[in-house]
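Each protein sequence line maps, in turn, to chains B and G.
The first sequence begins at 1 in this note's numbering and counts up one residue at a time.
The second sequence begins at 1 in this note's numbering and counts up one residue at a time.
Just so you know, these hints were derived from the structure itself, not from any lab.
Incorrect hints may have been included.
Which copy is meant is left open, because identical chains are indistinguishable; a pair holds if it fits in one copy or across any two.
Here are the computed lysine-lysine pairs in the DSSO-like style, where the Cα-Cα straight-line distance is at most 30 Å [as the list claims (entries may be wrong)]:
id: 1; residue 1: K63; residue 2: K95
id: 2; residue 1: K132; residue 2: K95
id: 3; residue 1: K44; residue 2: K95
id: 4; residue 1: K8; residue 2: K63
id: 5; residue 1: K50; residue 2: K132
id: 6; residue 1: K132; residue 2: K29
id: 7; residue 1: K92; residue 2: K44
id: 8; residue 1: K113; residue 2: K95
id: 9; residue 1: K44; residue 2: K113
id: 10; residue 1: K50; residue 2: K113
id: 11; residue 1: K113; residue 2: K63
id: 12; residue 1: K44; residue 2: K132
id: 13; residue 1: K13; residue 2: K113
id: 14; residue 1: K50; residue 2: K8
id: 15; residue 1: K92; residue 2: K113
Protein chains: 2
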Amino acid sequence: MQNDAVLKAHGIKPSLTRMMIFDYLNAAKHHPNVEEIYQALQPKIPTLSKTTVYNTLHLFTEKRVARAVMLKDQENRYDLASHPHAHFQCTKCGKVEDVFRLPDIHLDQALPKHSVHDVSVLISGVCAECQKDEPLI
Amino acid sequence: MQNDAVLKAHGIKPSLTRMMIFDYLNAAKHHPNVEEIYQALQPKIPTLSKTTVYNTLHLFTEKRVARAVMLKDQENRYDLASHPHAHFQCTKCGKVEDVFRLPDIHLDQALPKHSVHDVSVLISGVCAECQKDEPLI
DNA sequence: CTATAAAATTGTAATGATTACAAACATTTA
DNA sequence: TAAATGTTTGTAATCATTACAATTTTATAG
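Work out the full structure, taking the sequences as your base and the hints as a guide.
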């Protein structure tokens, strides 16, 4: 599928700027942040503004074309380390719930040469409460 | 184990401030941020500064008494949504690697009433490169 | 082909969490 | 008791993100 078709399929009008941001994400093997995307594309789109990059990424995320990668760059909520568990965050109301009883994730095969200290699992979606409020889409 | 013993066991001197922050985390069922911890404890410790809360949480995290919870509050790195995978971030060099071949996480039993849109897995530890550099502790 | 409306893009300023850093204070050790 | 070490504090700086209004571009109706 061509890139513009991917955007259209997600209900996004494929403007040039959007296409180029999509292309950049598509080619990037790392996980670029806004600054990086802006610096990379600004020479090609001289009028590009950082706000547009923010807007576009928010749009992509909302329409599920892209997703935000959770990293420890800006950590701001804390848990005692004693009870490992996952977190569910509702995209409607923002509430966070603990999720226990997750299957163990075995990493030995996937990461044989790494020393694993911690595994964070964040599940996002719509909680039971918010599903009552919202009609089916 | 008493709280001060927990701190000592992790090599942290149990000062009053540290004990109270530990107690607060221990009692909190949600995932408080720095502001919240500060607001809750400032009446009890009138001289408390926010910097101390930051310092203490960094210490706790470093000594593995607490851990930072990954949430979508400040999302700043992006991925195309098309290839779900986990991320490994090295705590020494900060490098991020993709991790494929993770076992599927089945959430139906754990979250029967929720609508799950996305699952983010962040593994942290020391990468193969950085293990060469560092002698065994 | 205009005129109008809608959507996309831009730039500036504000916000707010986090960090840097040096000073003040407390505690331990010689 | 003095010196050294560790802890706490306050202020200022940083930096990603957001708010918002203005501008430009694109689509649509007459």
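Hints versus structure:
1. K63 - K95: Both: 21 Å inside a chain and 28 Å across chains, each within 30 Å.
2. K132 - K95: Classified as within: same-chain Cα gap 15 Å, cross-chain 42 Å, threshold 30 Å.
3. K44 - K95: between (40 Å within a copy, 28 Å between copies)
4. K8 - K63: Classified as within: same-chain Cα gap 11 Å, cross-chain 48 Å, threshold 30 Å.
5. K50 - K132: neither (37 Å within a copy, 39 Å between copies)
6. K132 - K29: Answer is between; shortest inter-copy Cα gap is 24 Å, intra-copy 39 Å.
7. K92 - K44: For K92 and K44, the Cα distance exceeds 30 Å both inside one copy (36 Å) and across copies (35 Å).
8. K113 - K95: between (37 Å within a copy, 15 Å between copies)
9. K44 - K113: neither (40 Å within a copy, 47 Å between copies)
10. K50 - K113: Close neither inside one copy (38 Å) nor across copies (39 Å); limit 30 Å.
11. K113 - K63: Intra 36 Å, inter 23 Å, cutoff 30 Å: inter-copy only.
12. K44 - K132: Neither way: K44 and K132 sit 46 Å apart in one copy and 41 Å across, limit 30 Å.
13. K13 - K113: This pair counts as neither: shortest intra-copy Cα distance 44 Å, inter-copy 34 Å.
14. K50 - K8: Answer is within; shortest intra-copy Cα gap is 23 Å, inter-copy 47 Å.
15. K92 - K113: between (39 Å within a copy, 15 Å between copies)
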